[in-house]
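Please dock the two separately framed chains into a single complex, following the hints provided.
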Amino acid sequence: MSGASILEVRDLSVIYPGAGGTVSGPVGAVDRVSFDVHEGEFVGVVGESGCGKSTMLFAIARLLSPPASITGGSVTFRGDNLVTMADRQLNLLRWRNLSVVMQSAMNALNPVTSIGAQFKDALEAHGKFTAAQVRERSVEVMDLVGIDPVHLKSYPHQLSGGMRQRAMIAMALLFTPELVIMDEPTSALDVVAQRSLMLQIKELQRQLGFAVIFVTHDMSLVSHFSDQLLVMYGGQVVEVGPTRMVFDTPSHPYSRGLLDAFPSVRGPKVELTGIPGSPPDLAQPPEGCRFNPRCPVVEGDCHSVEPELYQVGTVRSRCLRHNPERAGTVEVSS
Amino acid sequence: MSAPTQPVPAQRTPAGEEPAPLLATRGLTKHFKVGGAFSGRNLHAVDGADIVINRKEIVALVGESGSGKSTIARLLARVYQPTSGEILYQGRPLSSMRGRRQVLEYRGDVPMVFQDPFSSLNPAYRVSHGIMRGLKLHRHELNRAQRFEEAVRVVEAVGLTPAADILDRYPYELSGGQRQRIGFAQALAYRPKLILADEPVSMLDVSIRIGLLNVMAKLRADEDVSFLYITHDIASARYVSDRLMVMYAGHVVESGPTEAVLADPKHPYTQLLLSAVPDPRAPLEVTAEAAKGEPPRVINPSPGCRFRWRCPLAIDECATTTPLLRPLAPAHVAACHVATADPDPTAGTDSVAGSDSGGEAAPE
Ligand SMILES: Nc1ncnc2c1ncn2[C@@H]1O[C@H](COP(=O)(O)OP(=O)(O)OP(=O)(O)O)[C@@H](O)[C@H]1O
Ligand SMILES: Nc1ncnc2c1ncn2[C@@H]1O[C@H](COP(=O)(O)OP(=O)(O)OP(=O)(O)O)[C@@H](O)[C@H]1O
Ligand code: SF4
Ligand SMILES: [Mg+2]
Ligand SMILES: [Mg+2]
Numbered sequence: 001m002s003g004a005s006i007l008e009v010r011d012l013s014v015i016y017p018g019a020g021g022t023v024s025g026p027v028g029a030v031d032r033v034s035f036d037v038h039e040g041e042f043v044g045v046v047g048e049s050g051c052g053k054s055t056m057l058f059a060i061a062r063l064l065s066p067p068a069s070i071t072g073g074s075v076t077f078r079g080d081n082l083v084t085m086a087d088r089q090l091n092l093l094r095w096r097n098l099s100v101v102m103q104s105a106m107n108a109l110n111p112v113t114s115i116g117a118q119f120k121d122a123l124e125a126h127g128k129f130t131a132a133q134v135r136e137r138s139v140e141v142m143d144l145v146g147i148d149p150v151h152l153k154s155y156p157h158q159l160s161g162g163m164r165q166r167a168m169i170a171m172a173l174l175f176t177p178e179l180v181i182m183d184e185p186t187s188a189l190d191v192v193a194q195r196s197l198m199l200q201i202k203e204l205q206r207q208l209g210f211a212v213i214f215v216t217h218d219m220s221l222v223s224h225f226s227d228q229l230l231v232m233y234g235g236q237v238v239e240v241g242p243t244r245m246v247f248d249t250p251s252h253p254y255s256r257g258l259l260d261a262f263p264s265v266r267g268p269k270v271e272l273t274g275i276p277g278s279p280p281d282l283a284q285p286p287e288g289c290r291f292n293p294r295c296p297v298v299e300g301d302c303h304s305v306e307p308e309l310y311q312v313g314t315v316r317s318r319c320l321r322h323n324p325e326r327a328g329t330v331e332v333s334s
Numbered sequence: 001m002s003a004p005t006q007p008v009p010a011q012r013t014p015a016g017e018e019p020a021p022l023l024a025t026r027g028l029t030k031h032f033k034v035g036g037a038f039s040g041r042n043l044h045a046v047d048g049a050d051i052v053i054n055r056k057e058i059v060a061l062v063g064e065s066g067s068g069k070s071t072i073a074r075l076l077a078r079v080y081q082p083t084s085g086e087i088l089y090q091g092r093p094l095s096s097m098r099g100r101r102q103v104l105e106y107r108g109d110v111p112m113v114f115q116d117p118f119s120s121l122n123p124a125y126r127v128s129h130g131i132m133r134g135l136k137l138h139r140h141e142l143n144r145a146q147r148f149e150e151a152v153r154v155v156e157a158v159g160l161t162p163a164a165d166i167l168d169r170y171p172y173e174l175s176g177g178q179r180q181r182i183g184f185a186q187a188l189a190y191r192p193k194l195i196l197a198d199e200p201v202s203m204l205d206v207s208i209r210i211g212l213l214n215v216m217a218k219l220r221a222d223e224d225v226s227f228l229y230i231t232h233d234i235a236s237a238r239y240v241s242d243r244l245m246v247m248y249a250g251h252v253v254e255s256g257p258t259e260a261v262l263a264d265p266k267h268p269y270t271q272l273l274l275s276a277v278p279d280p281r282a283p284l285e286v287t288a289e290a291a292k293g294e295p296p297r298v299i300n301p302s303p304g305c306r307f308r309w310r311c312p313l314a315i316d317e318c319a320t321t322t323p324l325l326r327p328l329a330p331a332h333v334a335a336c337h338v339a340t341a342d343p344d345p346t347a348g349t350d351s352v353a354g355s356d357s358g359g360e361a362a363p364e
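Taken in order, these protein sequences are the chains called A and B. The numbering of the first sequence is full-length UniProt numbering, which starts it at 1 and goes up by one. The numbering of the second sequence is full-length UniProt numbering, which starts it at 1 and goes up by one.
Among the clues, some could well be false.
Stated by the list, open to error - Calculated cross-link-like contacts (lysine-lysine; reagent style PhoX-like; alpha-carbon spacing at most 25 angstroms):
1. A:Lys153 <-> A:Lys120
2. B:Lys33 <-> A:Lys120
3. B:Lys218 <-> A:Lys269
Derived by calculation from the structure, the hints in this document are not laboratory data. The model shown is predicted, which means the values in this text are computed figures rather than measured ones.
The following block holds chain B by itself, in its conformation from the complex (with noise of 0.2 angstroms):
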């Protein structure tokens, strides 16, 4: 594996004019028709997120299993179409993209790591296939035998050796964390701008996953890489990531600096999220509250904060009126109507996610 490098903290752009960021969403939504076709049952996946991801910027995405993160990730990788709202690539919205070519060029900039490497990895060919025509697909200027030496380069970056012997397997013949990386090696290989990790170390024992989060490091302070990183790992997520975002039921809840939400965090789930990350070192501890993990409902839902059932601090509008991102701290935003702030909490707030509800009951 490389040489594993500090992670770099927070880079942040000067205040002022910023270029549009490398990617950003509007309102982006998706629903499920579920139940059958005319059921008129739809399963709000993700509503009306709105989430910017920076230049050289790592977000992890953290939430309840279910909330709608890979929706998201599938969503920003063109594998769903949305129901709803936009995602702007560079500021240029991606339904006006038009030609094969143009689609081709976002695929190779911004890869998907999929969640599930066992129905990801087509079992009819070699490993090396899938790389070698990603390869010639989005890298034309690597001759045949440049690209055999490429594969080699991100099967050994991903800590998978002897490298040859591993492009020349079938995925059937990898065990599972084996078959993760590779879908990992396959998004390095592409030179992306984004890399849209869906639990991309979720198999990885923890010294391999260790490696492989150095190896992100490594790439956004080297070649400006930036990352999606969707993640149950939160303490992987301190590790590596820039800006945490966490989901509930098909909401962003919160975001900001990571460090800013682990260490106050404002959203009562996100409180709750926090609470169980489990100490190995420490023996188990059960309280009452958070030991009965009710599912979020999602299914032609009402009005109001899709918390509110298992929220401690819930008041009568949480029933009645959806709590939208508000700035509670410096760059710092929660959907909650009873979290509070921080005395100065726009201070600082640029382009964090939910800057549409940026006047929205910010308090003075």
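Bound-form chain A, shown alone (with noise of 0.2 angstroms):
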């Protein structure tokens, strides 16, 4: 990407102290996150489920509620460390600045407001703004997000379930921010809807330079539209680079099980299996590589020595097998 780079994640940590309260205990599910966002780029996140997305996507926008908490590292927006940030501040740059699109789109509606409602409130807590002025800019957003106007009036629970993640990407775009985060933002879209609102982000972003961090399941949407790709497993980024290199060649040994597992409309209807075994659990990571007891390619060290992101290229991988100061290291890259 050519522009500045308007976020810096540096060395992020979280930790849920401790789950259910008995059985297990802390979970750190972010553990030393690292990246960097540029000025009108697009980040793809994927990972397995519960690996710490939406944890990492909570804390760099500060939405993180206690118990959970933020155990080290930085993230810095526009010059400015997050983490840090006093709340008055940080409300200031929220919506306005910088705007969140939860996973759940029923949990971050208000379920006794209409929408249209749930709009002018952020617009009015941002802004002066008169009665017209509001409702042109609802209606705006509703239609570049695809639904009819009328449902400024409809309650969330009167919303399908595309309907209610395409309000909540309307309100994101209320105003003008520089950052847009969105968590699995159009799970609930058929494939004729994502790819206009898709095509309509990315126009948007296009004229008004906005970033956005995006993270989906589905491997097309990166694919088709993101410039950098972040791969996540075990709270830890495990890959990173420009989409197309980790798609195309992916290093690390996790990434490839992930591109590997799609089923597909077209062509003969093969049996798949998925990546065998289960997540690591967060509360007690494997020692070493969390990936050894599922990898393909595990060696000795692997479940003692802990990977470091290693460059591989123009991309960075946390395998051993890319580690340059591994014995008898054999690059292998694909």
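Structure below.
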């Protein structure tokens, strides 16, 4: 990407002190995550269910609720560290400069207020608008995401799953933020609506220059729309780099497994099995490489040495095969 | 996750005197008032749906966002009362069910997995509570220890480990995809006959998604469980389903054997939908006509095909007469005035959706 970086995440870590209270210990849901987002860039984030994607987004936007806490690292947005920023200052940024579309539209929307009233509240919290301006902008963003503006009068439960998601996206676009964070925002949309919405977002991005961080399980969205791709596993970034590189020649064994596993609508029907084994218990992650119990190319030291992110061409990969210091390392690239 | 098995191909009962299908609907309709009680504006969420789900059958329901898929599932689960029409379970109208016991029995036989796992799990209770409570209601034969064992079994079946730890958590201590699987595990616990699964894998990564689809295929093969599988992931519908039903703006517009519909979609909306299925390995294709997704008009709709504003094939009749489902290929029906039939469409047409319209406009 050519633009200057607007977001720099460095060694960000998040811990949930204890789930359920009794059985497990602290859950290290995000572990020393680092990456940059540039102006106008579209960053895709993929990874197993439960690997820490939402937690990471919440941490970036400082939306974690106690007892979850950021235990280390920094998030620099336009030069300011969000992690240490005062709430008052942060509230000024939210919606206006940085907006968030959460994974659950139902959770994020207020169930007892109409969509239109929620838009109005968001607008009025951040500027002076006449009733006519509020109305005009609300209709505009509803059109943008392909919902009939009649539904400004609807309550969240009166909308279908995909309509709610689109209402959330509309809300995130009320202002002209520099960064829009979206957590699986189109998972309830049919492919036709999804494609037209994604094209809209890309077009807006081109016109207005905002950057997007986009979590999804849909590999085609990543492949078609993202510039940079972040692959997470067990709370860590295991691979990051230009989307085409990561997608076409995944370096990390987990990325490869993930990108190999989807069924197709065309061609012969084949049985698929997914990646064998189960996700790591984040309360007790495996020693050494977190992927070692499931890795098809595991070796002796994978059980004891914790890999860092190593540079492999234009991408970085958290796999010991790419550790230049590994004894007798053979560079495996495909 | 339990061992994956080969998805079983469509299992058709031999033609002849068939017993009543597991579940069938006749003219199922649901309207909602919108814009205030006295506005006179009715939103037609579902209109005149004739659906059949057979024993041991996986029926995928796909279609436009907002076309009424969740509403159909909610009607079948008795969360909503139909505006008109009837639902028959093993031949018996649901409206004739009386008393708590019968209703409870139906709920246990036909559980629903809700689309939004963030609002369907009670945040005040640990995950174990909902599953154990359901087991107590629907599986009287189990004692407390057995109920716990069963809870562990279903949680592990959906790939959540360590199960005891997961059961001990509150819903807000789980990720989106983990919550979604709790909803599914709950439905499994009842030893159901038919699971109404409303986008049960939308929040799962491809690998875990495949695991869950394999669980569905295995349940169908081993325990004769049927599924109504609502999804936007057409590749997954192909992977697991026997029959594909397509909805647009409150109408079922096409239904047939999954491979047949995918290979030869008859309805122009199905054609649009399938052409928009992205291929992650190929570059994005954008055709001008498909780029603009216009929302369907279902508030006080006038007669005529609801797809006509977007349809490249529309003729005058489309604006005046609502097309009914008619057989166009073996066991394959579509509701379009223009769609053409194969030479002998009625061959093998048995219990597909729209049996009511079988005599309607069927070309010779
Ligand atoms: N409040 C909490 N207390 C304890 N553990 C939690 C809490 N919230 C989440 N977790 C755990 O932290 C991990 C990361 O959760 P997160 O929601 O970030 O995952 P995710 O990558 O977004 O997954 P998904 O794709 O399923 O949404 C999960 O294993 C989850 O069980
Ligand atoms: N309780 C309700 N009150 C009013 N309108 C409703 C209600 N429930 C659904 N609707 C409307 O009915 C239509 C169909 O909604 P439904 O949730 O069945 O769609 P869907 O096909 O499941 O869509 P999605 O794929 O987006 O989940 C929508 O226009 C929606 O706004
Ligand atoms: S470090 Fe070892 S276990 Fe981890 S991904 Fe690389 S080869 Fe596999
Ligand atoms: Mg998440
Ligand atoms: Mg729905």
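Each hint tested on the structure:
1. A:Lys153 <-> A:Lys120: Distance of about 12 angstroms is within 25 angstroms: holds.
2. B:Lys33 <-> A:Lys120: holds, 24 angstroms
3. B:Lys218 <-> A:Lys269: With Cα atoms ~17 angstroms apart, Lys218 (chain B) and Lys269 (chain A) stay inside 25 angstroms; holds.
The structure agrees with every numbered hint stated previously.
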